[in-house]
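Chemist: Here is how the chains run, residue by residue.
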Amino acid sequence: MSLLDIVVLCGTLLAIAVYGAWKTRGLRDLEGYFRGDHTMKWGTIGLSVMATQASAITFLSTPGLGYEKGMAFVQNYLGLPIALVIVSALFIPAYYRFGVYTAYEFLERRFDLKTRQLGAFLFLVQRGLAAGITIYAPAIIISSLVGWNLDLTILLTGLLVVVYTVSGGTPAVSLTQKHQMGVILVGMLVAFGLIAFYVSQQIPLSQALGVAGKMGRLEAISFSMDYSERYTIWSGLLGGLFLSLSYFGTDQSQVGRYLTGKSVTESRLGLMFNAVLKVPMQFFILFTGVMVCLFYQFVEPPMLFKRSAVQAVYATPHAAEMKELEARYSSVFREKRDWVRTLAAALERREESAIAAAQAVVKSLEKRGEEIRSEAKRLVQQVDPKMEVKDSDYVFLTFVVQHMPRGVIGLLIAVIFCAGMSSTSSELNALGSTTTVDIYRRLIRPKDTERHYVIVSKALTAFWGLVAIAFAMTAYLVENLIEAVNILGSLFYGTILGIFLTAFLLKRVGGTAVFVAALLAEGTVIGLYFTTDIGYLWYNLIGCGMVLGLGVVLQALLPRAAPIAPAAGRG
Amino acid sequence: MPIDPDKERQIIQDRPPFFRSWTGVYALVLGFLGFLVILFHLFTRHYR
Chain X
221 MSLLDIVVLC
231 GTLLAIAVYG
241 AWKTRGLRDL
251 EGYFRGDHTM
261 KWGTIGLSVM
271 ATQASAITFL
281 STPGLGYEKG
291 MAFVQNYLGL
301 PIALVIVSAL
311 FIPAYYRFGV
321 YTAYEFLERR
331 FDLKTRQLGA
341 FLFLVQRGLA
351 AGITIYAPAI
361 IISSLVGWNL
371 DLTILLTGLL
381 VVVYTVSGGT
391 PAVSLTQKHQ
401 MGVILVGMLV
411 AFGLIAFYVS
421 QQIPLSQALG
431 VAGKMGRLEA
441 ISFSMDYSER
451 YTIWSGLLGG
461 LFLSLSYFGT
471 DQSQVGRYLT
481 GKSVTESRLG
491 LMFNAVLKVP
501 MQFFILFTGV
511 MVCLFYQFVE
521 PPMLFKRSAV
531 QAVYATPHAA
541 EMKELEARYS
551 SVFREKRDWV
561 RTLAAALERR
571 EESAIAAAQA
581 VVKSLEKRGE
591 EIRSEAKRLV
601 QQVDPKMEVK
611 DSDYVFLTFV
621 VQHMPRGVIG
631 LLIAVIFCAG
641 MSSTSSELNA
651 LGSTTTVDIY
661 RRLIRPKDTE
671 RHYVIVSKAL
681 TAFWGLVAIA
691 FAMTAYLVEN
701 LIEAVNILGS
711 LFYGTILGIF
721 LTAFLLKRVG
731 GTAVFVAALL
741 AEGTVIGLYF
751 TTDIGYLWYN
761 LIGCGMVLGL
771 GVVLQALLPR
781 AAPIAPAAGR
791 G
Chain D
2 MPIDPDKERQ
12 IIQDRPPFFR
22 SWTGVYALVL
32 GFLGFLVILF
42 HLFTRHYR
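Read top to bottom, the protein sequences are chains X and D. The opening residue of the first sequence carries number 221 in our numbering; numbering runs sequentially from there. The opening residue of the second sequence carries number 2 in our numbering; numbering runs sequentially from there.
Just so you know, these hints were derived from the structure itself, not from any lab. Incorrect hints may have been included.
As the list claims (entries may be wrong) - When the alpha-carbon atoms are kept at most 27 Å apart in a straight line, the in silico BS3-like pairs for lysine-lysine are as follows:
id, chain 1, residue 1, chain 2, residue 2
1, X, 482, D, 8
2, X, 543, X, 261
3, X, 543, X, 482
4, X, 583, X, 556
5, X, 587, D, 8
6, X, 667, X, 678
7, X, 727, D, 8
8, X, 606, X, 583
9, X, 289, X, 556
10, X, 243, X, 261
11, D, 8, X, 667
12, X, 597, X, 587
Said to hold, decoys possible - Simulated DEER-style distance windows between Cβ atoms:
id, chain 1, residue 1, chain 2, residue 2, range
13, X, 405, D, 10, 36 to 44 Å
14, D, 29, X, 581, 21 to 29 Å
15, D, 29, X, 725, 22 to 30 Å
16, D, 40, X, 587, 28 to 36 Å
17, X, 258, D, 47, 27 to 35 Å
18, X, 773, D, 40, 42 to 50 Å
19, D, 18, X, 778, 25 to 33 Å
20, D, 18, X, 238, 31 to 39 Å
21, X, 587, D, 18, 49 to 57 Å
22, X, 746, D, 40, 33 to 41 Å
23, X, 543, D, 29, 56 to 64 Å
24, X, 238, D, 36, 40 to 48 Å
25, X, 369, D, 18, 49 to 57 Å
Said to hold, decoys possible - Some chain X residues judged to face chain D by a derived CB distance under 7 Å, without partners named:
id, residue
26, 305
27, 316
28, 484
All residues carry an ideal CB built from backbone N, CA and C; glycine is no exception.
Looking at chain X on its own, in the form it has when it is part of the complex (with noise of 0.2 Å):
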């Protein structure tokens, strides 16, 4: 990296950290710290919760996802604009009505404290391990592109946000989510704007599209009704929506950016807000991969994006044989190459006769580029049978460091680690509010003055981000980065959001039903995770549907229902 590029990072990462922890220094007591004192409008509102979403991995994976398989994983997003208008229409008017700090504070509520603690323990084992992964998932890509240290950089850009999460609470997690989007619309609009005009100095961005369109790259919707296809517009809308409305409904790093509010209008305009951007959001990043892909038809790609894989077996006796493997690649793209211009300038005349012999052959060659890659990654495993050889995280990062201009490469780097950091603060601000709220003030110290809250929550999202750190210096990749997170969340939402919607929609269902209901569904989804290979947004339906299932037969059986508080309506 050049000294541009140090200073464009540094200079981005610092001034907002610092920022943020200035502005929203000396707050005293929980209503300021965990919900800015109901002062946020619905833009910062709609930013911050676009920006917890958004994490590196958004766009690290995805990026990744488009150059490898196409456009398909946008319908994992559909479900989305669903859930957020129920997230709207339900939760919303509850959580307020109540005037709550955290979700689960409404489930004592509504159920009683062993269902409070149980929605609230689930959130923090699932949100604890993922708040790890967000800070590793950058890191480890970043700094094995650029040369850095990889626990000096887990390291640094943890304790970044740590402290200015710690110092800050809530409202410095807004603030700097705000400046954070802002830099990770404008460096993803740049990178857009620059590969297109790459690949227009190939051929015309007409032609380019009709190629990636004849490599399978360009279908974004799939109406198949084969259960296994990993993408289509059923999972989406379905599997998406129970997940969607999970994560924004019950988990507390979503619910506690819109508890901020000024008033119940600016967080629905907040959430409305991203259910009208979030797709096109996805689309556009998606895309951005598909074009990263068209340029590597015309400039040879590393074979493995991977470099430090690639590196391993040199130093060892099977350099010659990788050595071998990269002039077969590189003679495979060469041809490619030309015949990739063959299609275009078939697609250019409309001859389809001509359109369908090129894409034929282009498609037996991207083949064997691929089966040459595959034993790449088979001869790396054979020197380290430890080591990860998914490579589609690596593809974004590898063309920015290789084919940008100084400066921008710094601006997309910062990119990244604001994305990384802008989630992390908003798992680390909900682990402490949760902690603090539903555990150590409910449990522990029921009245004590506000200060010593805000003392205690400060050293308990101090806590949770040094865990995070520690699990992060620790973790191992996992397949790719964006589905280890799904996967994860997959396995708990479900639940948490069958208990959740058991209190809004079946109001005879009382506290132990729903308790005893959410452990056989939390232990169903668990052990079909490890016999089945269903995909994982099913487990949110399953989750989902045991619990409300098994706690109107539960509450059948039991002798009468608890006493019901006052149910949550519309507002």
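We have chain X already, so just place chain D on it with the hints.
Modeler: Quick look at chain D alone, frame taken from chain X:
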């Protein structure tokens, strides 16, 4: 934890800007989602 009457009033009287009720906003958001699905479908068909 009693329910604050002011909060209850605020929730009941809550109105979105430019619309009479939130139902209109939700219909617009879901309509936009439907529009995106059609757009993605046409995009897929065009480039297949």
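Chemist: Determine for every hint whether it applies to the structure shown.
Modeler: Hint-by-hint comparison with the structure:
| no. | hint | in the structure |
| --- | --- | --- |
| 1 | X:482 / D:8 | holds, 12 Å |
| 2 | X:543 / X:261 | violated, 58 Å |
| 3 | X:543 / X:482 | violated, 62 Å |
| 4 | X:583 / X:556 | holds, 9 Å |
| 5 | X:587 / D:8 | violated, 62 Å |
| 6 | X:667 / X:678 | holds, 18 Å |
| 7 | X:727 / D:8 | holds, 22 Å |
| 8 | X:606 / X:583 | violated, 32 Å |
| 9 | X:289 / X:556 | holds, 18 Å |
| 10 | X:243 / X:261 | holds, 17 Å |
| 11 | D:8 / X:667 | holds, 25 Å |
| 12 | X:597 / X:587 | holds, 15 Å |
| 13 | X:405 / D:10: 36 to 44 Å | holds, 38 Å |
| 14 | D:29 / X:581: 21 to 29 Å | violated, 47 Å |
| 15 | D:29 / X:725: 22 to 30 Å | holds, 25 Å |
| 16 | D:40 / X:587: 28 to 36 Å | holds, 31 Å |
| 17 | X:258 / D:47: 27 to 35 Å | violated, 47 Å |
| 18 | X:773 / D:40: 42 to 50 Å | holds, 43 Å |
| 19 | D:18 / X:778: 25 to 33 Å | violated, 46 Å |
| 20 | D:18 / X:238: 31 to 39 Å | holds, 35 Å |
| 21 | X:587 / D:18: 49 to 57 Å | holds, 54 Å |
| 22 | X:746 / D:40: 33 to 41 Å | holds, 39 Å |
| 23 | X:543 / D:29: 56 to 64 Å | holds, 59 Å |
| 24 | X:238 / D:36: 40 to 48 Å | holds, 42 Å |
| 25 | X:369 / D:18: 49 to 57 Å | holds, 51 Å |
| 26 | 305 | holds, 5 Å |
| 27 | 316 | holds, 6 Å |
| 28 | 484 | holds, 4 Å |
Consistency with the previously given hints fails for numbers 2, 3, 5, 8, 14, 17 and 19, ordered from lowest to highest.
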